[in-house]
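Let the sequences and hints guide you as you build the complete structure.
Number of protein chains: 4
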Amino acid sequence: MPYPTASPRNRRENSDGPMSSNGMKSASFFGELMQTIAERGRRLLTVAPRQQSDRKRKSTSELCELLLSSHGEASGTAIARDIVARWETFDPAARLGFMTMLLDGFGPDETRLEVAIDAYRGERTPRSLHELHEAAEPRRQELIRRLNLAPNGVAALVSMREALLGMKAEQPALEAVDADFAHLLGSWFNRGFLVLRPINWNTPANILEKVIRYEAVHEIDSWDELRSRLAPEDRRCFAFFHPQLVDDPLIFVEVALMRTTPSAISEVLEEGRELVPAEQATTAVFYSISNCQIGLRGISFGNFLIKQVVEELRRELPRLETFVTLSPVPGFSEWLARERNTGASAVLDEDDRRRLDLLDDAQWSALPEKVETVRPAMMNAAAWYFLKVRNRHGKVADPVARFHLGNGARLVKINVLGDRSARAMSQACGLMVNYLYKPEDIEANHEAFATRGEVATVPALQRLVKGIEARGARSNPVVPAEAPPAERP
Amino acid sequence: MPYPTASPRNRRENSDGPMSSNGMKSASFFGELMQTIAERGRRLLTVAPRQQSDRKRKSTSELCELLLSSHGEASGTAIARDIVARWETFDPAARLGFMTMLLDGFGPDETRLEVAIDAYRGERTPRSLHELHEAAEPRRQELIRRLNLAPNGVAALVSMREALLGMKAEQPALEAVDADFAHLLGSWFNRGFLVLRPINWNTPANILEKVIRYEAVHEIDSWDELRSRLAPEDRRCFAFFHPQLVDDPLIFVEVALMRTTPSAISEVLEEGRELVPAEQATTAVFYSISNCQIGLRGISFGNFLIKQVVEELRRELPRLETFVTLSPVPGFSEWLARERNTGASAVLDEDDRRRLDLLDDAQWSALPEKVETVRPAMMNAAAWYFLKVRNRHGKVADPVARFHLGNGARLVKINVLGDRSARAMSQACGLMVNYLYKPEDIEANHEAFATRGEVATVPALQRLVKGIEARGARSNPVVPAEAPPAERP
Amino acid sequence: MPYPTASPRNRRENSDGPMSSNGMKSASFFGELMQTIAERGRRLLTVAPRQQSDRKRKSTSELCELLLSSHGEASGTAIARDIVARWETFDPAARLGFMTMLLDGFGPDETRLEVAIDAYRGERTPRSLHELHEAAEPRRQELIRRLNLAPNGVAALVSMREALLGMKAEQPALEAVDADFAHLLGSWFNRGFLVLRPINWNTPANILEKVIRYEAVHEIDSWDELRSRLAPEDRRCFAFFHPQLVDDPLIFVEVALMRTTPSAISEVLEEGRELVPAEQATTAVFYSISNCQIGLRGISFGNFLIKQVVEELRRELPRLETFVTLSPVPGFSEWLARERNTGASAVLDEDDRRRLDLLDDAQWSALPEKVETVRPAMMNAAAWYFLKVRNRHGKVADPVARFHLGNGARLVKINVLGDRSARAMSQACGLMVNYLYKPEDIEANHEAFATRGEVATVPALQRLVKGIEARGARSNPVVPAEAPPAERP
Amino acid sequence: MPYPTASPRNRRENSDGPMSSNGMKSASFFGELMQTIAERGRRLLTVAPRQQSDRKRKSTSELCELLLSSHGEASGTAIARDIVARWETFDPAARLGFMTMLLDGFGPDETRLEVAIDAYRGERTPRSLHELHEAAEPRRQELIRRLNLAPNGVAALVSMREALLGMKAEQPALEAVDADFAHLLGSWFNRGFLVLRPINWNTPANILEKVIRYEAVHEIDSWDELRSRLAPEDRRCFAFFHPQLVDDPLIFVEVALMRTTPSAISEVLEEGRELVPAEQATTAVFYSISNCQIGLRGISFGNFLIKQVVEELRRELPRLETFVTLSPVPGFSEWLARERNTGASAVLDEDDRRRLDLLDDAQWSALPEKVETVRPAMMNAAAWYFLKVRNRHGKVADPVARFHLGNGARLVKINVLGDRSARAMSQACGLMVNYLYKPEDIEANHEAFATRGEVATVPALQRLVKGIEARGARSNPVVPAEAPPAERP
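Chains as they are written, first to last, in our numbering: chain A, 3 to 491; chain B, 3 to 491; chain C, 3 to 491; chain D, 3 to 491.
These are computed hints drawn from the structure, not numbers from a lab.
Please read these numbers as outputs of a predicted model, since none were measured by experiment.
Any given hint could be a false lead.
Each pair may be met inside one copy or between any two copies, as identical chains are not told apart.
Straight-line Cα separation of at most 20 Å, EDC-like style, residue types lysine to aspartate or glutamate; simulated pairs [said to hold, decoys possible]:
#1 440 / 318
#2 390 / 223
#3 390 / 351
#4 390 / 235
#5 212 / 226
#6 58 / 84
#7 58 / 449
#8 440 / 120
#9 440 / 314
#10 397 / 273
#11 397 / 341
#12 440 / 313
Rendered as structure tokens:
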């Protein structure tokens, strides 16, 4: 699922973001209890002016060395704060310079490493191994740990990594720096430290604003729209938070409580629909999952999130029986176009191809007749796409499918024209699918998928695939033209 | 400062500790906001009974392998919980077996490591270095990270390490396992994640109970005594907490607000003393600092704690000018005895020795005349002890002195008979000292101490030392007979 | 300041209002700590079905008698809840019937009252007086007290009174019922029970939504507009809340932190203005005060609110020196029109009248020349209006002036064209004024105003008035045509 | 149930009571969210020194008049604070003087009252009635309302009433003043404003300290004893709080979760008993209910408390089936002694009397044989005592029985030697009884008791009474010698 592109992200003009703190305004999501004292506690000792001005004269690289030195023990918070403050004023060139400095100047101590290797090869003891491991650790790992001493250090490091990810495309060597950021952030954002919170109409506006901004699947274009997703009694939303990134969700999922599994997003988001009394709902529909922090890309929360929300909802509403998604299929159009262009493909037979030709009429979806013509061919194609198509790594090609199947869900339904929005028509010819989260199957599904690549699905879809195989079609890994593996939630 | 020896008194008999959770009783220190949902969120999916019983049949070692495998991604929380639950039922032998298994079975993949070393020596690139570092990482590090998925995972890991520390004396090889625990706990208990909280008479009893239990310097023997240290307006107490170890302080410091720097603990703790209106106090006296979690030994919080408390108190009470400790001198008696026994020592001259002979009279401290006779010799000896005596590592011999001087404090006063308790008489001939925390000097003091071993002190004490040097005494590292370096806060 | 006329827009459509409660959604402004348990605690005992159906067969009047009887002691909560639930389904006719029933059927016990009067006249003792007072108390007072046993009883009673106020115009006899509601609500919303809370961008959306709805002075037409009033560091907003009306503010004031006293609302609300760093502000401008609960009309909070906000701001920002309003003048246009129509008035002389004739040109305010012509005459008229014009009760005629002067503020400046909005042009010819809250003058100002009707103001305005008096003008109480005394905050 | 006598009540030496507030120490039970801002908001405007010293020169009576005057509107908070501050320094004589002043100087305006009576008798309209009711209201009622403006006004008024209750014995005329305090406190402590909170081992120490102090039934003599009543998983405690009396419970009940209904307090409080896993408990035993605020005497909370706790426990532990008390019988010994002394009483026959003579042996309860001899006679007597004995008001004589039966409970069991403590032996010959709270019977039981005086009980006890009636005994109201009706919880 893609991140929101640029735009309203850096709305920090009013200094109410996590980077600042203002006594009267600090009533935060987790309560003043925790925060005010924590933050006040982080304010710094009035250091002697001499030391401050000493530091001002140093280069950033010198400051980083100072932070790693014994000075760092006495004055780590102050030095870390200074480095973070510099970073925040850096232009893109200076930021690239900073990361390059981390790459070149804060790798491991090579001499020590050579000695450690020799020692280990000399005698393979736990001690020599430990020294080898330590010696091989880039010095920037400890530097990153100490930068976390700065007030709001975690937020600063997440934002540094966001910038770093942007640089990697052009500077592949920075991958090594990124690996260190990712390693430490992964350890600190360990599931054990996350907190699940409901998001609703009683949630502070500064959090809700971020939900609007980060929603990546079905855009929220106004506060009224937001209210209609959070306030009604048949809606729920949950997010993971980290104690040190207060007021900034990591990932959230929007849920509709319904009486049946929906086939189209319009059933979920329709204005003026009849509300379902929460205690009468039987089906919880996860219709949108969005990551919020670009700087945490690759650190997976979605898996845990869905399972816990299932558990949370079951507890609140014991009548709920079915936990299911209504999900986009971001890679379908591209694959289908390629398939249609490949004369030789046995996946689509002549009849399928003729039917799918209607897709070239931009109006096809508006004409019920054409839709019905397209439908069987598209079902065939989609079944094959999910069950047989693999990317160059041998994984299921569709990124959203990869995510949910990897979590142990089962693909249960393909919905033609489930989403008529321009984006969905363009990415997926309007297709949406339902993945079912059945608690008692999750582990086995996951295991079969992880170890044998088996896609858990339903007989109807398996039959479609068998029909196609009967024509002689074979599963060939299809490498998406140039696309990077899409981001998973 | 030592940890309580008699160890966790009565720990958890009523199952209200962090290991359990009970709906109605969960109103915790950081508020239900955060905790209840966090904990409920951690409850587990109802897994298929088959899988549960599958796991029951596996050995603990197999479970650990399962947690590291792809299963761990789908069912990590459940597997981690199972392992932690087993650990909690283990007897000491089984616990030793568990740690030995981590040592022998969860080191690095040696084949991969050899390949990585060769690759690195072949071409020293960031990539080959990264692979080397990863390959050298014992597999138990990732195992520990995943154990943290268990409900209350952090508490469980801290308690595992507490047990592990106890095993190390007899099984030095376990040092390698301990290094991995220490590494991860150090990263997770990074200062950036700690929360400073005042402890007072409004604090929940389950926290206060721990203050009584953990107080390591001046014992608290009843709730009335506790109240007298927390409730009066001229008393303060602060602790660090970790968001995942709710209700369990990591370290705390007790503070007395006074009008002068005290020379004896009796001035601080005297019953029936006159209260000082907080806004009239000029001096904040840190008279007790205690670590609480044995399992976090070696991860230093005290340094940060004192500095933040200074900052906190300054903000609340701008009239405060002096921030000073009243500290024990745990190594003095032992050193002095050795010195007195060493005929040749030039540190004590004949006059000193004669005066100090009075110490052999158990009643000396009760007789003002004898005290006055002893005093000048003891001042001489103590000045030398702090300024000149070093341990076998070349560090200041007294562990408490090492802690405060290392934080950038200055030794400002030596108090003969500052503490007449049996323990103080035995450890330190009753000596107490004051270390001064002067914010604008801290960084320079620390630096001089860390890099050049210079002890920041006052001219009066330097003069005493110069007098002794004039007799020909020389600073000789003195190795404490067999004592391990005492625990620092 | 008027209440929002269009009345409770969209109130409660999604059942998340105070009338309902939903476990997962109950994270309220004052924290779950207090609320969830309070509300859960209010859920009712499972009463025997027989009793419930017994109650269903009773008339509302019988239910009210039951609530007042001894049944009320055992089952008060259930009976009160039933009555409130009925009220909520009542149409306007049934609501009028309910209030009429309270008027006719729940006055005092007249027999008892006659006896009590005789007894008191027989012997004027404290006991006979007490009995007289009790006997004269309408029985509906105790009924209202017992209705408060219903879950959300306070909210229900406030909403009942809102309806009652609407009925009074047509049914003046209901004044007696209203007096009893007002008496009890006045006692329960005693200042001693109110809680001051900052409202900012971290405030829950359900509260902010009400700020948008209730803002009565300078309309807020979008969430972006709201954000611009709450989030910037030079803005503040404070509200009073009542512990039993959680999530519903009673009154709020919007504050701008500035460097000077503004002469026009555009200086305050201008888009794209430069932010004032909070700690550099010298002037706190109260530019909007709005009551929120129609059902609490006549119970005054504004007085306390302003003074406490002054105190709160002083504490946060010691550099603030000036606390001043920028206020509308709702009665000015009407008075001025009357004055201009009265040929004989000595308040306006010929020159003034000629200048003010320009006001009849709808475009006058757009033409600087005309504005300058009008200005001196309008200053004259306005000075007289504030200092000399009185209503039929002999009070200062302008309701906003009455409020602020009654609070002890001083009228310090009259701003021609301070507000060019259509409403302000129509009500006040665009006039706005500044009232100064100088803490050390408040008590004396209030006293002079309350006892001698003296308007605290500045010499410049007094000189204008003296000039007019020199022409022979006299202060004549002017009765506003038909207007009820406008609502004070 | 009696209040604790004098003793450790006024433990306010350290100024951490509700009367003071200290920034760093204000972390209160309901969270800083609510309190800190509320209290800070109550701090007062810096009034002009002139006004302060003006007030200092006034008598208390003048200050009270000032508070009632228009001054009270502008400066009510300051004046109220001054009066409360004076009260707190008053010695008993001055306090009596203050109350006498309220009696004599702040009754109603008699002239106005005479006019109002005449007007009402002239024309009995709602308006003339309203004026009569207002005119009959003692001026001190409004004074008390305005005193509530003082910071911590409610706490001050509750404590004033506590003092007042102490004066009433000697000054019966103060009853009139007390009626006004009681009226307003009753309105403000209306059930609708109370908050139910669990009390447990996570509760702040300052609250727990009050539980120790206020426990009136089975004394808590140490923090260990307290812990044993709160921490184990088969114990619960709940209290009512008022938002303006933060940190001070109003009433609390202690609950034991058990497998059967206990016959003796030793079964409940026995040290070393086996814990009952909470989810296995079938019986909730209310074994102690204590009022906390003498100043709220006569304002009944106990009724609501028990019912809500029943509801709360049912929700947490659906397996609970039985809700029952284990209660003292404070009036039994006295009544029995009188009965034994009355030769003519038919309640006790010869056999009974002979058996009961054993009670005169102080050791009877230690000798099983004697106990068995006494038992049948005591059962007879007790059954009669509960079912037939009435006080001079015609009510059930035993105060605890009156309370529970009035709440709708049923007397289900009489336990000979249920409590062997000195107090219970002296008050009740060791008797304890069980009252059963069966939700579906409560309303009917209450109704039968309230209107017809019927005691809900069990056939076994009714049979005993019938046996006694068969002997010719008749129910005669027995007036307790001189005792005032004992306090009900």
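Consistency of the hints with the structure:
no.	hint	result
1	440 / 318	within (17 Å within a copy, 27 Å between copies)
2	390 / 223	neither (37 Å within a copy, 53 Å between copies)
3	390 / 351	within (16 Å within a copy, 92 Å between copies)
4	390 / 235	neither (40 Å within a copy, 54 Å between copies)
5	212 / 226	both (15 Å within a copy, 14 Å between copies)
6	58 / 84	within (9 Å within a copy, 53 Å between copies)
7	58 / 449	between (55 Å within a copy, 18 Å between copies)
8	440 / 120	neither (53 Å within a copy, 47 Å between copies)
9	440 / 314	within (14 Å within a copy, 33 Å between copies)
10	397 / 273	neither (38 Å within a copy, 52 Å between copies)
11	397 / 341	within (18 Å within a copy, 74 Å between copies)
12	440 / 313	within (11 Å within a copy, 34 Å between copies)
In summary, the numbered hints that this structure violates are 2, 4, 8 and 10.
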